[in-house]
Structure formats: C-alpha cells, structure tokens
Amino acid sequence: MAIPITKKIKLDFSKVSRSDRSLAKEEVAEYIVDTILDRVSSQSSPVSKGKFKPSLSKDYKKIKTKQGGSSKPNLELTGDMLDSIDARFKGSTLSVGIHKDAGELNMLKAENHNKFTKRANKTSLPERKFIPKKGENFKREIMRDIKDIIDSYASED
Amino acid sequence: MPVKIKRSQKRLIALTITERAKPKFFRILKKFIKSEIIKAIESGRSPVNKGGTDPSGTSGKLRFEKYSDSYSDQLGRGKLKSKGKRPVNLTVSGKMLRSLKSRITKNSINLWFSNPIAKYHDRLGAGKKGVLRRMLPHDGEEFNAGIRKRIANALIKAIQLSKK
Chain H
1 MAIPITKKIK LDFSKVSRSD RSLAKEEVAE YIVDTILDRV SSQSSPVSKG KFKPSLSKDY
61 KKIKTKQGGS SKPNLELTGD MLDSIDARFK GSTLSVGIHK DAGELNMLKA ENHNKFTKRA
121 NKTSLPERKF IPKKGENFKR EIMRDIKDII DSYASED
Chain P
1001 MPVKIKRSQK RLIALTITER AKPKFFRILK KFIKSEIIKA IESGRSPVNK GGTDPSGTSG
1061 KLRFEKYSDS YSDQLGRGKL KSKGKRPVNL TVSGKMLRSL KSRITKNSIN LWFSNPIAKY
1121 HDRLGAGKKG VLRRMLPHDG EEFNAGIRKR IANALIKAIQ LSKK
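Chains as they are written, first to last, in the working numbering: chain H, 1 to 157; chain P, 1001 to 1164.
It is worth saying that the hints were derived from the structure and are not from the lab.
Quantities reported herein were computed from a predicted structural model and do not represent experimental measurements.
The beta carbon of each residue, even a glycine, is placed where N, CA and C say it ideally should be.
Keep in mind that a hint or two might mislead.
Said to hold, decoys possible - Residues of chain P placed beyond 10 Å of chain H at every Cβ, according to the derived structure:
1. LYS1022
2. PHE1026
3. LYS1030
4. SER1070
5. MET1096
6. LYS1106
7. ILE1109
8. ARG1123
9. ILE1159
10. SER1162
Stated by the list, open to error - To give a feel for the contact side, a few chain H residues facing chain P, derived at Cβ under 10 Å:
11. GLU27
12. GLU30
13. ASN74
14. ASP145
As the list claims (entries may be wrong) - Simulated pairs of lysine-lysine, DSS-like, Cα-Cα distance not exceeding 30 Å:
15. H:LYS90 - H:LYS133
16. H:LYS8 - P:LYS1050
17. H:LYS58 - P:LYS1083
So that you can see chain H by itself, here it is in the shape it has in the complex (with noise of 0.2 Å):
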C-alpha cells in the first residue's frame, strides 16, 4: 500500500495578525509548491543535500520521448505526479507533497523516486529527490524565502 510523501514543516506565524495569516500561508503554500515545480524543472532537488540523478538511462530516454516527453529527466512523463504536488495548513504546520487524496499511483511514483521508505531504496529506479523525509528539510535558501514571506506580513513590536 502506497503512502503519502509529504513534508510537515511548522512554522511561526506569532506575528502575523490573526487576519493575515490565511493570506500569509496562502502565500507561503503557493511560494513552495512552485518552488519544488521550478527546481524539478531544472533538474535540481530543493531538498538540502539531495540528489537528482542528471540523466536518464538510455533504454528509458527512449521509452520517454517515444511517449512525448522530454529527453531530460524532469519527472514527467504523463505529468500526473507533478500536478498533485500539493501544500496545505493545518494550523501552522505546512505540509506539502503528494496527499492521500493523489491517488495510489502518484504516491508511489513519489515514494519512489525519493527514497521515501525502505522499500524504495530496494528499487531501481533513480533517486530524484523534491521532498525532504524525516529529518532532511528544504534547502536553506527556500525556508528563508519562507520566512521572509511571514515576515512581510508580520506587524512588529
């Protein structure tokens, strides 16, 4: 059975007025979302330290274009995973990745290709990490562009 691979990330809205922290996570969940989308894109992984092999094998490059999909390995070839990369808030924990509601295939898919569990570490396919597990965190870059977001809208003493 697959699981969801997601992130849950805590984050300290104390500042933020009570009316703008829908907006400021509204924000932060499209900040993040788009961020993962642009660094998979580029072939980079936005988790800190995390790997994303650089090429594709030749058998699947094939396999991929033949299917309309581009030669660089950009973790799409139908496109259904990426679209279900999803960032929600439950209070102030931001979690963010493929949820329950993605469907089996995409959870797999995810797991996999981050090496989520045990079990995917077992399979062969490449790791291509775009989202951290238990005890990795995003790059540093990206929590800080997260907390310049709730800065911006915090009202200071």
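Position chain P against the provided structure of chain H, taking the given hints into account.
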C-alpha cells in the same frame, strides 16, 4: 519604550527606500523577469498566480492544462514532429516565447508578447474548448508566488546596492 510599527508604516518606509533604489531595481528586474516568465512557461507552469483569476477555460492551477487529445494526436508528426506532449510548454518553434518584450517606464515595467498567437493562449482561448494558459497577469492579477518572491529579492538587492 518599544515603538510599534504597523504594516502600513512599514510599507511607507519601504516605499521611501524604494524611491532611491528604483532605477537599480528596474535594471535588475528587467534582466531577470523575462527569463523567469519564459522559464515558468517552458516548464509547464503559469507565471500568473493560480493560473489566472478568470475561471472560464483555465484550470485555476499553477500548472498548465493538458493538451487536448486531438492536439496530442498531432504531436510528433509533420510540423509538430519535434514537439512532445509533456511538459505543456506552449513551445513549437519558440517564436512566441521569444516575442516577449519589456519596457521600463517611470514607475513600472511593461511586459507584452508581440506574437499574435499569444493572445489565444492568454486572452481568447486556444482550440475548440478555448483553453486559457495564462502567460502574463492582467489588471488586478499578480505573478505566481515564486516569481513574486524573486522580485522581492531583487528589490532587496537593489536597496543594498543603492546604499553603497
């Protein structure tokens, strides 16, 4: 006693600094905004927030709507031989994307596509279903959050440069 700065005042301070940093900011902005827009489109993302606020014909999502089945069937053949189904990047020859122009005025930067095909993707709708794949924000709309943040970062850079 600590002084409380409200958001509106913070904006005023920011605007005052911006006035000084404006020329540098626009120079920096001009350099990267076009490449940001094109990079987003080429990777299948709309540069417009939530793909645009016009609900008719848009997916309301960051990623562009898939190509129609009938258009997908034509890909890989004839004039569209080198075009793939994915990503949905609005690129056949690349002419339309290359036609993105920019001009700096006193207080703004104007952006537009000079290629006539652009209006079908951005305003009128493409194909039988009239699908919109929005490329530039219209009045009252914004760029997507990623591009907005990179613009904000450019502004910070301009302010730092103007202090030197």
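Here's how the hints hold up against the structure:
1. LYS1022: Per Cβ check, LYS1022 (chain P) is outside 10 Å of chain H; nearest 19 Å; holds.
2. PHE1026: holds (21 Å)
3. LYS1030: For LYS1030 (chain P), whose nearest Cβ neighbour in chain H is about 20 Å away, the distance exceeds 10 Å, so it holds.
4. SER1070: holds (14 Å)
5. MET1096: holds (19 Å)
6. LYS1106: Consistent with the label, LYS1106 (chain P) stays out of reach of chain H, its closest Cβ about 25 Å off (over 10 Å).
7. ILE1109: Non-interface label on ILE1109 (chain P) holds, nearest chain H Cβ at 20 Å vs cutoff 10 Å.
8. ARG1123: holds (23 Å)
9. ILE1159: Holds, since 14 Å exceeds 10 Å.
10. SER1162: For SER1162 (chain P), whose nearest Cβ neighbour in chain H is about 19 Å away, the distance exceeds 10 Å, so it holds.
11. GLU27: Since chain P brings a Cβ to about 5 Å from GLU27 (chain H), closer than 10 Å, the hint holds.
12. GLU30: holds (4 Å)
13. ASN74: This hint holds: ASN74 (chain H) lies near chain P, its Cβ roughly 7 Å from the closest one there, short of 10 Å.
14. ASP145: holds (5 Å)
15. H:LYS90 - H:LYS133: Holds, because 19 Å separates the two Cα atoms, which is no more than 30 Å.
16. H:LYS8 - P:LYS1050: Holds - the C-alpha atoms of LYS1050 (chain P) and LYS8 (chain H) are around 22 Å apart, at most 30 Å.
17. H:LYS58 - P:LYS1083: holds (20 Å)
In terms of the numbered hints stated before, the structure departs from none.
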